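Enquirer: Here are the chains, one letter per residue:
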Amino acid sequence: MRHLLGIEGWRRDELEAVLDRARAHLPGGPDATHTLRGKVVANLFFEDSTRTRTSFHMAARGLGAGVLNWSPSGSSTSKGETLLDTARNIEATGPVAIVMRHRSSGAPHLVAKHVRCAVINAGDGTHEHPSQALLDAFTLRQRWGGLDGRTVLIVGDILHSRVARSNLWCLKALGARVVVCGPPTLMPPGLEALGAEVTHNLDAALPQADAVMCLRLQLERMGEAFLPSTKEYSRLFGLTAAREERMKAGALVMHPGPINRGLELAPSVADGERSVILEQVSNGVAVRRAILEVCTS
Amino acid sequence: MSATVLFRRGRVIDPRNGVDGVRDVLVQDGKVAQVSDAPLAVPAGAEVVEADGKWVLPGFIDLHVHLREPGEEGKETVLTGCRAAVAGGFTAVVAMPNTKVVNDSGLVTELVLSRARAANLCHVYPAGAITKGLKGEELAETGELISSGCVAITDDGKPVMNAALMRRALQYATLFGVPVMVHEEDLTLSAGGAMHEGPTSTRLGLRGIPASAEVAMVARDLVLLEETKGRLHIAHVSCEGSVRLIREAKRRGLFVTAEVTPHHLILDDRAVGDYDTHAKMAPPLRADRDVEALREAIVDGTIDAIATDHAPHGVLDKQVEFEKGINGIVGLETALGLTMELVHAGRLDAKRAVELLSHGPAKAFGLPGGHLAPGAPADITVVDPSEEWTVDAHRFYSRSRNTPFHGRKQKGRVVQTWVSGRKVYADGQVKESR
Ligand SMILES: [Zn+2]
Chain R
1 MRHLLGIEGW RRDELEAVLD RARAHLPGGP DATHTLRGKV VANLFFEDST
51 RTRTSFHMAA RGLGAGVLNW SPSGSSTSKG ETLLDTARNI EATGPVAIVM
101 RHRSSGAPHL VAKHVRCAVI NAGDGTHEHP SQALLDAFTL RQRWGGLDGR
151 TVLIVGDILH SRVARSNLWC LKALGARVVV CGPPTLMPPG LEALGAEVTH
201 NLDAALPQAD AVMCLRLQLE RMGEAFLPST KEYSRLFGLT AAREERMKAG
251 ALVMHPGPIN RGLELAPSVA DGERSVILEQ VSNGVAVRRA ILEVCTS
Chain C
1 MSATVLFRRG RVIDPRNGVD GVRDVLVQDG KVAQVSDAPL AVPAGAEVVE
51 ADGKWVLPGF IDLHVHLREP GEEGKETVLT GCRAAVAGGF TAVVAMPNTK
101 VVNDSGLVTE LVLSRARAAN LCHVYPAGAI TKGLKGEELA ETGELISSGC
151 VAITDDGKPV MNAALMRRAL QYATLFGVPV MVHEEDLTLS AGGAMHEGPT
201 STRLGLRGIP ASAEVAMVAR DLVLLEETKG RLHIAHVSCE GSVRLIREAK
251 RRGLFVTAEV TPHHLILDDR AVGDYDTHAK MAPPLRADRD VEALREAIVD
301 GTIDAIATDH APHGVLDKQV EFEKGINGIV GLETALGLTM ELVHAGRLDA
351 KRAVELLSHG PAKAFGLPGG HLAPGAPADI TVVDPSEEWT VDAHRFYSRS
401 RNTPFHGRKQ KGRVVQTWVS GRKVYADGQV KESR
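Protein chains in written order, with this note's numbering: chain R, 1 to 297; chain C, 1 to 434.
A portion of the hints provided could be inaccurate.
If we take Cβ atoms under 10 angstroms as the criterion, some of the chain C residues that face chain R in the derived model are [said to hold, decoys possible]:
1. E50
2. T202
3. R207
Hint data in this document are derived by calculation from the structure and do not stem from the laboratory. Quick caveat: nothing in here was measured; it's all calculated off a predicted structure. The C-beta atom is built at its ideal place from N, Cα and C for all residues, glycine as well.
Throw the hints in and build the complete structure from the sequences for me.
Expert: This is how it looks when you write it as structure tokens:
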């Protein structure tokens, strides 16, 4: 039994084992094995995310597990219960895994130090979103066979993106080159030390990319003046139809969702031939089944 | 009480008086009576401390301690803080005013002093607030604070963001000749930050606090200092940029002093590891380059004192999400061991180390003690430089255990502490006198 707190630190063969296993869970694959029959998986979502929670829920049900859904509304957190109190109470109900989303970076690490069951990070603050990175890698592997020698361009708000960090580690570990692009105000320092190439010029970077991953612009952060306006962002960093023209033949477009249509991504591009956005969503359940199996076996 | 004590054949290191060698030290009536190369005869009734192989030092003075009383006695009290101080070799501490009832009036100052008298262990020098309630809006009554016994004014824990107010504080304090001690942090630059901004904060996805949050304020205050001809003491310097500015200001003759904590000399931001709240402090642990700059600055005299910023907190303040964790660590009982790491590594000579812990802070704040010439108060710390031990937070005298150094191996330990000629700590025990 092990935790999935982040992709950082996982070896290539370990990541590949999860991805290989996920293939067996695709629709039409060998019938579900119900490896978690009679077990309980706890979904502990301090921050709402319908997509990710539903996806983990379906994954756990598909493996035969019962799902305990917990969210903070109207519960004891408002009465001053600490994160650890909550986690220990959940643990007392005997789950094999706690799937956890939290607005603070590192919150799952704290819980993992104090509980015995597996802790699976479903997104922590601006740190990691490992299951998203695995399903992105899975989607690319499906298209390409492997990631060696490929270039993935991640565009947008890198500073606040847990998807960007997890993907950086995941894609690098699987042999890809990762270029990140965005305005300097949304680019944290030291990305090169983590293995990324950094650029602020989307037009120059675009023709090199085998896949472009557009990140969601978090409009709620506009008040902090990271950007002058969404219009200017779109002009400099939006994947417009005109920019799509300049992409490599066969290059793919990705987005972790939900999309601000017309802002990060033109609707025609989001729904166009290059887009694998819906495949990302449908692969999510298979990958999360594999994650649950690996972490609880 | 007015015992006669003879410290025999210890290595006396007294930087102010240029002493470093084997000496006998005779103490009478709470003062140093004689320091001699030649062995002294044992006076009748004298207690003899055989200090062969030990260092006999001027008592350590900590310019930056949070005693938490009044208001947060569950974390520390003046009494428990004084116990921790003497166990760490400190014979005097400066108590920060950010208690829960801020020390911005003579009443609170007197309360702290009366608790210190009752504890009767080490000297406690309160620092008063610069502004009422530490709100940064109006000056506190500096004159009343000083006449009640404060030795400095500071809003420590917070910066004085209003530059005009800071300018007036420096001007006004010149009436009393006391240092204005500053916590340098531009809150607009540090807002929301949980650790130093750099590759580690990027890796962990934590909002970073850039070095400029400190350096910009150091620059501002040095400009104000030059205009006001005041006296500025910069607390817990953490980064290279600040060191450079302070060095240059001293070269130009400004009346600025500065301190650094042992943890900023020993740890860098990587100590945060996987969100260890014991490595969370303000200012944050910085990059290794900053640590290097601080180490150079203690050697070349840019930094005047090692001060612990002893900041006791409860377990529940630390066993939380990193962003929610309260800043600060306890420091009194680990300061000497950590300083000795630099001595053993050849980064700091013993004499300078002792100066940073005794004469340096005494001089910065104009406090008694910090040296061992005849007539000086018999505040003495005896150190075994080669004793190996392991930090055990559960055995701290402090009421709190928040330290990142639990389990760390140390070489060099405080074996005895004497205050005004009275033994207050020896054999691992604090000696209460009432
Ligand atoms: Zn402090």
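Enquirer: If a hint holds in the structure, say so; if it does not, say that too.
Expert: Hints, verified against the model:
1. E50: Status violated, d = 47 angstroms.
2. T202: Where the cut-off is 10 angstroms and the nearest Cβ of chain R is about 4 angstroms from T202 (chain C), the hint holds.
3. R207: Where the cut-off is 10 angstroms and the nearest Cβ of chain R is about 8 angstroms from R207 (chain C), the hint holds.
Going down the numbered hints, you'll see the structure goes against just number 1.
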